[in-house]
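Q: This is what each chain is made of:
Protein chains: 2
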Amino acid sequence: MKIQHLAAIAIASLSISAAFAQAKPEDQIKYRQSAMTVTARSVGVLSAMAKGDLPFNKELAQRHASTIADLSDLPLTAGAYGPGTDKGAPTKADPKIWSEADKFKAAFDKFSTSARSLPAAAGDLNSLKTALADLGKTCKGCHDDYRMK
Amino acid sequence: MKIQHLAAIAIASLSISAAFAQAKPEDQIKYRQSAMTVTARSVGVLSAMAKGDLPFNKELAQRHASTIADLSDLPLTAGAYGPGTDKGAPTKADPKIWSEADKFKAAFDKFSTSARSLPAAAGDLNSLKTALADLGKTCKGCHDDYRMK
Numbered sequence: 001m002k003i004q005h006l007a008a009i010a011i012a013s014l015s016i017s018a019a020f021a022q023a024k025p026e027d028q029i030k031y032r033q034s035a036m037t038v039t040a041r042s043v044g045v046l047s048a049m050a051k052g053d054l055p056f057n058k059e060l061a062q063r064h065a066s067t068i069a070d071l072s073d074l075p076l077t078a079g080a081y082g083p084g085t086d087k088g089a090p091t092k093a094d095p096k097i098w099s100e101a102d103k104f105k106a107a108f109d110k111f112s113t114s115a116r117s118l119p120a121a122a123g124d125l126n127s128l129k130t131a132l133a134d135l136g137k138t139c140k141g142c143h144d145d146y147r148m149k
Numbered sequence: 001m002k003i004q005h006l007a008a009i010a011i012a013s014l015s016i017s018a019a020f021a022q023a024k025p026e027d028q029i030k031y032r033q034s035a036m037t038v039t040a041r042s043v044g045v046l047s048a049m050a051k052g053d054l055p056f057n058k059e060l061a062q063r064h065a066s067t068i069a070d071l072s073d074l075p076l077t078a079g080a081y082g083p084g085t086d087k088g089a090p091t092k093a094d095p096k097i098w099s100e101a102d103k104f105k106a107a108f109d110k111f112s113t114s115a116r117s118l119p120a121a122a123g124d125l126n127s128l129k130t131a132l133a134d135l136g137k138t139c140k141g142c143h144d145d146y147r148m149k
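One line per chain: the protein sequences are A and B, in this order.
If you read the first sequence in my numbering, its first letter stands for residue 1, the second for the next number, and so on.
If you read the second sequence in my numbering, its first letter stands for residue 1, the second for the next number, and so on.
There's no promise every hint is true.
[To be verified] In silico contact screen, one side only, chain A against chain B (beta carbon under 10 Å); selected entries: (1) A35; (2) H64; (3) M148.
[Said to hold, decoys possible] In silico negatives: residues of chain A with every beta carbon more than 12 Å from chain B: (4) Y31; (5) S34; (6) R63; (7) D70; (8) A78; (9) D86; (10) A106.
Simulated from the structure, these hints should not be mistaken for laboratory data.
Predicted model only: the values in this text are computed from it and were never measured.
Virtual Cβ for every residue (Gly too), placed ideally from N, Cα, C.
Generate coordinates for the entire structure from the input sequences, incorporating the hints supplied.
A: Shown next, in the form of structure tokens:
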């Protein structure tokens, strides 16, 4: 994607995230948790294929990989971690999300980058296994620091 | 997509949905509501572009269109409307979902078909407006009959 396009998306995303960041904390919390719930299930389907618990099916794998990739940065770029959303509804969001905002963003970006490599990797079981292992590390990397027990 | 591939996806999906249908009602309810929450926000972004409340941005529009398309049939094909999931957690799922299962599936398919046309339409503001209006009818069509007030 051209740099001008990335810049345009970034600017548009800022407008959207600014608007969403004005949404009630419980709505922001609900949105980000919803994205994670949907993602978790798609990761589960791919993991089952990787482990052999489910027959590998290329179209289905690419479908779930695409789901994970699409959702991967939405919680952050949608502004669903706005100020004050460490409360307002049950949430495991660690306060470091806000006190270390740059590091949180870096961890999220690692996840999102890894997620975006999934659709191409999902065409083949072996490349899927490799991409999934990489994705898992990025999930863990963020959760270890930013999701409370 | 070749018919053999569609058949293979259908078979794989049945295995997955059978597995998920054994998940606790509250988990099925949570999954389908999560998919709807994420979808609603992406529809909101596209609607804002269609109304001119947000500048049209092709990549962002295609991103959100892709999100809607990917999620569109997952609640149903994932088996998240399994038997007994009219209860177990707060849900607006109408009992007709189970008493008129074929009609419910038909309504869901209409939505999913419309959703899948979104990514291509999202490249241009005028075609996006048209596709979005069509999508809205399918949302309403299902909600009128199968989502309680």
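Q: Failing hints, ascending?
A: Violated: hints 3, 4, 5, 6, 7, 8.
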